[in-house]
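Sequence lines, in order, name chains A and B. Okay, so the first sequence: first residue is 1 according to the working numbering, each after it adds one. Okay, so the second sequence: first residue is 1 according to the working numbering, each after it adds one.
Any given hint could turn out to be false.
Taking lysine-lysine pairs in the BS3-like style, the calculated list, with each CA pair at most 30 Å apart, reads [claimed, not checked]:
#, chain 1, residue 1, chain 2, residue 2
1, A, Lys130, A, Lys104
2, A, Lys575, B, Lys321
3, B, Lys148, A, Lys648
4, B, Lys236, A, Lys640
5, B, Lys339, B, Lys236
6, B, Lys236, A, Lys623
7, B, Lys148, A, Lys407
8, A, Lys687, A, Lys651
9, A, Lys631, B, Lys75
10, B, Lys339, A, Lys575
For each label pair, taking beta carbons as the anchor points, the in silico distance ranges come out as [what the hints assert, rightly or not]:
#, chain 1, residue 1, chain 2, residue 2, range
11, B, Lys321, A, Asn506, 21 to 27 Å
12, A, Arg111, B, Asp203, 21 to 27 Å
13, A, Lys651, B, Asp203, 38 to 44 Å
14, B, Asp325, A, Lys597, 40 to 46 Å
15, B, Glu296, A, Asp685, 54 to 60 Å
Worth flagging that the hints you see were computed from the coordinates, not collected in a lab. Just so you know, these numbers come straight off a predicted model, no measurement behind them. Even glycine gets a Cβ: it sits at the ideal position worked out from N, Cα and C.
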Amino acid sequence: MYVSLNWLKEYVDIGTITPEELAEKITKSGIEVEGIEYVAEQSSNVVVGYVQECEKHPNADKLNLCQVDVGEEQLQIICGAPNIAKGQKVAVAKPGAVLPGNFKIKKAKLRGVESNGMICSLQELGIEEKFVPKEYAEGIFVFPEETEVGADALALLNLHDAILELGLTPNRSDALSMLGVAYEVGAILDVPVRLPKEEVNVSSEIAADYVSVKVDTELNPYYGAFVIKDIQIGPSPLWMRNYLIAAGIRPINNVVDITNYVLLEYGQPLHAFDYDQFGSNEIVVRRAKDGEQMVTLDGQERTLKSSHLVITNGTIPTAMAGVMGGANSEVSNQTKTVLLEAAYFDPAAVRTASKDHGLRSESSSRFEKGVDPNRVKKAGQRACQLLSQYANGTVLSGVVEFDQLDKSAATIEIDSTEVNNRLGTEIDNDEIGDILRKLEFEFKQNGNLFSITIPTRRQDITIFEDMVEEIARIFGYDNLPYTLPQGASQAGGLTERQQLKRDVKNYLQGAGLMETITYSLTSKERAELLISPEVKGKVDSPVQLAMPMSEEHSTLRLSILPELLASMSYNSARKQTNIGYYEVGTVFLSDETTISKQPEERLRVSGALTGDWITHPWQQEKKAVDFFVVKGIVEGLLEKLNLTATYKQAKMDGLHPGRTAQILIKDVAVGFIGQVHPSLQDSFDLKDTYVFDLDLEFIFTIHENEPSFAKIPRYPSISRDIALVVDEHVHAGDVKATILKAGGELIKEVQVFDVYQGEHLETGKKSLAFNILYLDPERTLKDEEVEKSYQAILDAVKKAHQAQLRA
Amino acid sequence: MKERLEELQAEALTKVEEAIYLSDLQDIRVAYLGKKGPITEVLRGMGKLSKEERPVIGELANKVREAIATELDAKKERLEKEELEKKLETETIDVTLPGRPVKVGGPHLLTSIVEEIEDLFIGMGFEVREGPEVETDYYNFEALNLPKGHPARDMQDSFYITEELLLRTHTSPVQARTMGEYQGAKPVKMICPGKVYRRDTDDATHSHQFTQVEGLYVDKNVRMSDLKGVLNQFAKQFFGEDREIRLRPSFFPFTEPSVEMDISCKVCHGHGCSVCKGTGWIEILGGGMVHPRVLEMAGYDPKEYNGFAFGMGPERIAMLKYGVDDIRHFYTNDVRFLKQYHKA
Chain A
1 MYVSLNWLKE
11 YVDIGTITPE
21 ELAEKITKSG
31 IEVEGIEYVA
41 EQSSNVVVGY
51 VQECEKHPNA
61 DKLNLCQVDV
71 GEEQLQIICG
81 APNIAKGQKV
91 AVAKPGAVLP
101 GNFKIKKAKL
111 RGVESNGMIC
121 SLQELGIEEK
131 FVPKEYAEGI
141 FVFPEETEVG
151 ADALALLNLH
161 DAILELGLTP
171 NRSDALSMLG
181 VAYEVGAILD
191 VPVRLPKEEV
201 NVSSEIAADY
211 VSVKVDTELN
221 PYYGAFVIKD
231 IQIGPSPLWM
241 RNYLIAAGIR
251 PINNVVDITN
261 YVLLEYGQPL
271 HAFDYDQFGS
281 NEIVVRRAKD
291 GEQMVTLDGQ
301 ERTLKSSHLV
311 ITNGTIPTAM
321 AGVMGGANSE
331 VSNQTKTVLL
341 EAAYFDPAAV
351 RTASKDHGLR
361 SESSSRFEKG
371 VDPNRVKKAG
381 QRACQLLSQY
391 ANGTVLSGVV
401 EFDQLDKSAA
411 TIEIDSTEVN
421 NRLGTEIDND
431 EIGDILRKLE
441 FEFKQNGNLF
451 SITIPTRRQD
461 ITIFEDMVEE
471 IARIFGYDNL
481 PYTLPQGASQ
491 AGGLTERQQL
501 KRDVKNYLQG
511 AGLMETITYS
521 LTSKERAELL
531 ISPEVKGKVD
541 SPVQLAMPMS
551 EEHSTLRLSI
561 LPELLASMSY
571 NSARKQTNIG
581 YYEVGTVFLS
591 DETTISKQPE
601 ERLRVSGALT
611 GDWITHPWQQ
621 EKKAVDFFVV
631 KGIVEGLLEK
641 LNLTATYKQA
651 KMDGLHPGRT
661 AQILIKDVAV
671 GFIGQVHPSL
681 QDSFDLKDTY
691 VFDLDLEFIF
701 TIHENEPSFA
711 KIPRYPSISR
721 DIALVVDEHV
731 HAGDVKATIL
741 KAGGELIKEV
751 QVFDVYQGEH
761 LETGKKSLAF
771 NILYLDPERT
781 LKDEEVEKSY
791 QAILDAVKKA
801 HQAQLRA
Chain B
1 MKERLEELQA
11 EALTKVEEAI
21 YLSDLQDIRV
31 AYLGKKGPIT
41 EVLRGMGKLS
51 KEERPVIGEL
61 ANKVREAIAT
71 ELDAKKERLE
81 KEELEKKLET
91 ETIDVTLPGR
101 PVKVGGPHLL
111 TSIVEEIEDL
121 FIGMGFEVRE
131 GPEVETDYYN
141 FEALNLPKGH
151 PARDMQDSFY
161 ITEELLLRTH
171 TSPVQARTMG
181 EYQGAKPVKM
191 ICPGKVYRRD
201 TDDATHSHQF
211 TQVEGLYVDK
221 NVRMSDLKGV
231 LNQFAKQFFG
241 EDREIRLRPS
251 FFPFTEPSVE
261 MDISCKVCHG
271 HGCSVCKGTG
281 WIEILGGGMV
291 HPRVLEMAGY
301 DPKEYNGFAF
311 GMGPERIAML
321 KYGVDDIRHF
331 YTNDVRFLKQ
341 YHKA
């Protein structure tokens, strides 16, 4: 809502307050002033001039040579506007004048002839093209004949005005009118509101003889029809045009301008029909028929539905109620009799129609929010008065109406003690009474009890809390004290899960990875990539949005990795090729084909690494990320969480078939490590990339956070090495498991310390060397015990893996 | 003999003094103190001495040995030290060469901010609650006083999956769920951080996915001044002691009265500059007193309980605090962007 301060002054006396101060006060009381516009802030020295002579420029076809009387002097001005003519009163920027954009006017010679100033169009004076009346859009503006020569043209065009741009919250539709804003400003500045008078002399003819009103729907509780004869269509008065432009509405003609003016003034949309084109003398309001068609004012053919409301002439629609009029009954230059509608349409019905047709008008946006039931008829009367005054109208007696509108005001009882308790204040009863008076709310007081009549213009106030806010905002939020809650204090904190989540992040960061946050919504194709087997087993298909904005963000992720790879691809395209990323986030699992319930949201952690892991150029050290870098990070993470995992050679879509391990904890699959399959890497434009993915949700449930104390050993351990030759396909992990199993409980640790293949070994064979550490925390070990275990291990590995002791 | 011993001592000490290498010392040790050395020889000749002289000479001989040994040891130590120093000198490295880099990761800026907010409110006795990102229409809207047909519930504004399920548009449903869980029987003091989603086209100031941290405090006799006090404490701790807050009336369907909170501009401290667009204030969060309908629907009797709620956007806070100029940076994961905030 744009509020011209000059216009506002017609209803409230704002005194000497500056626009900035007023804006600050309005903002602090609840309506945000988003900006203040001064159209002619930089302009000066523009006056009304009378075009005494206007001839063709001797040396230019399209230019005119004008002699213009600007009061104190006569100026010769060359003007190129096509609509310039002798006898016009025009806006003249005299030499020395400044126009918007810091455009300075100087004396000049145009094609050899002197020009002492410029005759201005409205655009040149700073008015946006779209608000300039059409007849002046292509040329200069022409003032009404009676305008005084030499007067300040900017003042006459109301360009010294300040326009406040209000950002209204949805509840404050009362401020979608000048009167509403006037009440607000009146309350803030403690000044009374002056309401316009709707009085008008009416003719002896009776409107009801010209038209009847029939309403066939519950969606239109009030319909008032006024008839105004003898209309002379023409421009509306300059002041009205100025105000409309300030409010962002282009002036058209006096009838249309008056309905718009009243809409802005009262917040009540009106519609003017050409009575003679209406097609009947019967107004019938009803729901549209499904498929019914009409052409609206904008020339569009509209197909209607039964949820839309129409005004008809008994046969065909003449307006889409509250949204837009019909072309068939539009007011034109030939209009003689106006049929004026002032109605209350159901907010939801107007919203539906406006949405279905993509037509959001000044009118629909007000009906949608509910207009003041007590201003509907008054607005009609106000328009009649203005039509009589500025369009030569003869207003017929009476309003033809259908009226089932509830116009009663609600009453809210408040107890000042409760108000103070809620606010933490000590506002006394007198001050509360004063606030209500400023708001112009009527009330009865009995001690601490106030019975307040809520004016119908304030449809947003319905409960005690609304009234508390009303009092608080006029009292001033700045004046509320700062207190801290009095309730019993409790210890805040993170849950174990939340703490673990932080621990995981901290570990991974310590391990050299950077956290990312990617989108949960991905494309359908990406959603199918790199899904961990244990996820795949629980899912029917990825969850899709009903109405995605783009294919790119249409599907909920089942893995963090695809978007993570996309991020890496983004970096790699920017020459950032050494990357270690991780992300902790949810994936969305649904086992339904047609979704009926919330998907299961499981927390996972994923990582992706590419490029060099170690780079230390001057010592010629450089090591690319490989499988074991990633595995080391995962092992460290699980160790941190006090968990032991096993790693199983696996094959997975999207991963290198020979470089993928499934991770199991306590025999439950919890994720994987692997190299991204070269063809998938290619599709992301990535070089060798390794990933991991873990089900944190499961890990958090089984993790034991309290490490139990283990005695620090006091007895020496014994170490034995064993080098075994096995078939090259035998897994070190399996051999290790055999060793652990066969070697007995004295084994503390088994570590692979060498893997060898090549010279001195048969083709297809490899050597695996293990270091076995024996320890008994309670006593010193005997050599025989270790020897016995060693032999048992040898037997077992021979049997299980056909392993030979390496010579 | 006495003279001979004294002579030997002087001779040996001179040699020790003159010795240059560790091997010289060993030679001296063998020459003077060895079994075939002159002192041993002197001692061997003691048989010829009188009974009275023998202990005197014996004692002297031992003193001489000791004196030579002590001097040898001292000199040895000195030479070893010198030798070590010489060796170390040859081991000199160029300390200006760069060190071997340690891989250092770090948190995402949004995580840092969310955790900082969490920790501040935990300090004030709040618990941290989480909830599903795919929400039911009921918890996302209905329970928050946004009944069906409410303009804010346009299908166009939210990512619906079915008519009843959508990606949550705020973290407020976690508040409704928590209140429901507590069954109207005990106070609620919580914050709920998380991802939220809106049907916006991504540009410099809009993101279809973003982060929210909301807070809720429900108890008996909660006052609006408590909201002001808690937010003030938060703002001062988070943004700095020198920052002021200002509340302005606003509107949210789930609070009444509702507020917007501004903080004084860090650049101009409330006087107005280009950072705050001349207003002196920067909008940080929204909040208000919990709407009685919301309490009621969650099983709290609004006659007995009331409370306050607030919500803020870590992206916006990060943009203000660090001058990040485009919200998409948070989700593009440009390594050069992420790295900047590992120090934060």
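Requested in this report: Just tell me: holds or violated, for the beta carbon distance of arginine 111 (chain A) and aspartate 203 (chain B) against 21 to 27 Å?
Outcome: violated, 48 Å
Report task. Could you say whether the range 38 to 44 Å given as a hint is met by the Cβ separation of lysine 651 (chain A) and aspartate 203 (chain B)? Result -> Once the Cβ atoms are compared, 43 Å apart, the range 38 to 44 Å for aspartate 203 (chain B) and lysine 651 (chain A) holds.
Query raised in the report: Within a Cα-Cα threshold of 30 Å, do lysine 687 (chain A) and lysine 651 (chain A) meet the stated pairing?
Result: holds, 20 Å
Query raised in the report: Between lysine 339 (chain B) and lysine 575 (chain A), does the CA-CA distance stay at or below 30 Å?
Result: holds, 15 Å
Requested in this report: Sort out whether lysine 75 (chain B) lies within 30 Å of lysine 631 (chain A), counting only the CA atoms.
Outcome: violated, 57 Å
Query raised in the report: Has the given pair, lysine 236 (chain B) with lysine 640 (chain A), been kept, meaning a C-alpha gap of at most 30 Å?
Result: Given that 30 Å is the threshold and the Cα spacing comes to 36 Å, the pair is violated.
Report task. Could you tell me whether the CB distance from glutamate 296 (chain B) to aspartate 685 (chain A) stays inside 54 to 60 Å? Result -> holds, 55 Å
Report task. Please work out if lysine 339 (chain B) and lysine 236 (chain B) have their alpha carbons no farther apart than 30 Å. Result -> holds, 27 Å
Requested in this report: Could you see if the CB distance from lysine 321 (chain B) to asparagine 506 (chain A) stays within 21 to 27 Å?
Outcome: For lysine 321 (chain B) and asparagine 506 (chain A) the Cβ distance comes to about 22 Å; the hint holds.
Report task. Given the hint of 40 to 46 Å, check if aspartate 325 (chain B) and lysine 597 (chain A) actually sit that far apart at their C-beta atoms. Result -> With a Cβ separation near 41 Å, aspartate 325 (chain B) and lysine 597 (chain A) satisfy 40 to 46 Å, so the hint holds.
Query raised in the report: Is lysine 130 (chain A) within 30 Å of lysine 104 (chain A), Cα to Cα?
Result: holds, 24 Å
Query raised in the report: Keeping to a limit of 30 Å between CA atoms, is the pair of lysine 148 (chain B) and lysine 407 (chain A) held or broken?
Result: Judged against 30 Å, a Cα distance of about 26 Å means the pair holds.
In summary, the structure is inconsistent with hints 3, 4, 6, 9 and 12 from the numbered list given earlier, while agreeing with the others.
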